[in-house]
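Novice: The residues making up each chain are set out below.
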Amino acid sequence: MKAKIIVMPKKTVLDPQGKTVQHALESLGFKGIQEVRIGKFIEVELKAGKKAALKKKLEDACHKLLSNPVIEDYEFTIK
Amino acid sequence: MKFGIIQFPGSNCDQDAYHALANVFGQPTRYIWHKDSTIGAVDCVVVPGGFSYGDYLRTGAIARFSPAMQAVAAHAKAGGLVIGICNGFQILCEAQLLPGALIRNKGLKFICEHVFVRVETTDSPFTHAGRQGQILRIPIAHGEGCYFAEPAVIAELEHKHQVLVRYSTQDGKVTAAANPNGSAGNIAGICNASRNVFGLMPHPERASESALGSEDGRVIFDSILRSAVMA
Numbered sequence: 001m002k003a004k005i006i007v008m009p010k011k012t013v014l015d016p017q018g019k020t021v022q023h024a025l026e027s028l029g030f031k032g033i034q035e036v037r038i039g040k041f042i043e044v045e046l047k048a049g050k051k052a053a054l055k056k057k058l059e060d061a062c063h064k065l066l067s068n069p070v071i072e073d074y075e076f077t078i079k
Numbered sequence: 001m002k003f004g005i006i007q008f009p010g011s012n013c014d015q016d017a018y019h020a021l022a023n024v025f026g027q028p029t030r031y032i033w034h035k036d037s038t039i040g041a042v043d044c045v046v047v048p049g050g051f052s053y054g055d056y057l058r059t060g061a062i063a064r065f066s067p068a069m070q071a072v073a074a075h076a077k078a079g080g081l082v083i084g085i086c087n088g089f090q091i092l093c094e095a096q097l098l099p100g101a102l103i104r105n106k107g108l109k110f111i112c113e114h115v116f117v118r119v120e121t122t123d124s125p126f127t128h129a130g131r132q133g134q135i136l137r138i139p140i141a142h143g144e145g146c147y148f149a150e151p152a153v154i155a156e157l158e159h160k161h162q163v164l165v166r167y168s169t170q171d172g173k174v175t176a177a178a179n180p181n182g183s184a185g186n187i188a189g190i191c192n193a194s195r196n197v198f199g200l201m202p203h204p205e206r207a208s209e210s211a212l213g214s215e216d217g218r219v220i221f222d223s224i225l226r227s228a229v230m231a
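Protein chains in written order, with this note's numbering: chain A, 1 to 79; chain B, 1 to 231.
Keep in mind that the hints were calculated from the coordinates and are not lab data. In this text the structure is predicted, and so the values were computed from the model without any measurement. Incorrect hints may have been included.
[What the hints assert, rightly or not] Label pairs and their calculated CB-CB ranges:
1. B:V24 <-> A:M1: 54 to 60 Å
2. B:A74 <-> A:H63: 21 to 27 Å
3. B:A176 <-> A:G39: 22 to 28 Å
4. B:H161 <-> A:G39: 30 to 36 Å
[As the list claims (entries may be wrong)] Quick list of in silico lysine-lysine cross-link-like pairs, BS3-like style, CA-CA up to 30 Å:
5. B:K77 <-> A:K64
6. B:K109 <-> A:K10
7. A:K64 <-> A:K40
8. A:K31 <-> B:K106
9. B:K35 <-> A:K64
10. A:K11 <-> B:K160
11. A:K11 <-> A:K47
12. B:K109 <-> A:K19
13. A:K19 <-> B:K35
14. A:K11 <-> B:K106
15. A:K57 <-> B:K35
16. A:K40 <-> B:K106
17. B:K160 <-> A:K40
18. B:K35 <-> A:K56
19. A:K19 <-> B:K106
20. A:K40 <-> B:K109
21. A:K64 <-> B:K109
22. B:K109 <-> A:K11
Backbone N, C-alpha and C fix where the C-beta goes; we use that ideal spot for every residue, glycine too.
Let the sequences and hints guide you as you build the complete structure.
Specialist: In structure tokens, the structure reads:
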């Protein structure tokens, strides 16, 4: 099974990288871009198991290591 | 006073800290390897600057889980002194020994230059050899030094006088222009609520000898040494 995890800077956290990319897109002529935010995408291969247990394990991993709850939010899917 | 400097793979200011403490201040100093689960009899732990574990995932994120850091957390809990410099500050935040986090500099650039910081309070083992309002010229060298915490956390830090140093102009004005990295409230360094753990982005160990262009960093180490006399 594979978990796909997205870690994003919290809305309250400054994302200068996203801002800079947004400005670059605008100067390239891309219209109507309202906001760009840049985060991380993490793939984790998992030994097959009960979804609830895997979910709990991933929550723990995201909370302890894969994200920093002070500055980031995360979400994931398991397939 | 016995100092222990933690060495992680990727630490690169460990020898600067060693030189300052052992050679400039003449203190018994030794390295502690990150895989050691005990830190031995040390009075003050230094978590040095660098790029521990290549800054993978987030700065300080992996170092936090090393055996030595578990021992440092226990040392801190028992009231022992801990100073984290630059990457050390980032690690202490990740380890939740200090609140908040250090994120990418507002201007995105890695900044390596001397800056001015203002001593906000002398009520700490890390600043009591200084004067309140004293201006120190100390170098910074970081890409991720923008201090962030939720407004309620910042308010508490301010209320409890846990901000020990703040970026300022040469004459002590705390302005946006004097803030090199976008840190909340121009914060350059904070201590924990029990005041025995200190993290700062500037490098006092690189400003401890006149040959290095500034001796202002001595205030921090003089304070630590004096706290041993007082204890």
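Novice: Each hint should be assessed against the structure and marked as holding or not.
Specialist: Evaluated hints:
1. B:V24 <-> A:M1: 54 to 60 Å: holds (56 Å)
2. B:A74 <-> A:H63: 21 to 27 Å: holds (22 Å)
3. B:A176 <-> A:G39: 22 to 28 Å: holds (27 Å)
4. B:H161 <-> A:G39: 30 to 36 Å: Holds: the Cβ-Cβ distance is about 35 Å, inside 30 to 36 Å.
5. B:K77 <-> A:K64: With Cα atoms ~20 Å apart, K77 of chain B and K64 of chain A stay inside 30 Å; holds.
6. B:K109 <-> A:K10: holds (21 Å)
7. A:K64 <-> A:K40: Satisfied, since the Cα-Cα distance of roughly 16 Å is no more than 30 Å.
8. A:K31 <-> B:K106: holds (25 Å)
9. B:K35 <-> A:K64: holds (20 Å)
10. A:K11 <-> B:K160: holds (27 Å)
11. A:K11 <-> A:K47: violated (33 Å)
12. B:K109 <-> A:K19: holds (14 Å)
13. A:K19 <-> B:K35: Violated. K19 of chain A to K35 of chain B sits at ~39 Å, over the 30 Å cutoff.
14. A:K11 <-> B:K106: holds (15 Å)
15. A:K57 <-> B:K35: Judged against 30 Å, a Cα distance of about 26 Å means the pair holds.
16. A:K40 <-> B:K106: Given that 30 Å is the threshold and the Cα spacing comes to 19 Å, the pair holds.
17. B:K160 <-> A:K40: Violated: K160 of chain B and K40 of chain A sit about 35 Å apart, past 30 Å.
18. B:K35 <-> A:K56: holds (29 Å)
19. A:K19 <-> B:K106: holds (10 Å)
20. A:K40 <-> B:K109: holds (20 Å)
21. A:K64 <-> B:K109: holds (28 Å)
22. B:K109 <-> A:K11: holds (22 Å)
Hint compliance for this structure: hints 11, 13, 17 are broken, all remaining hints hold.
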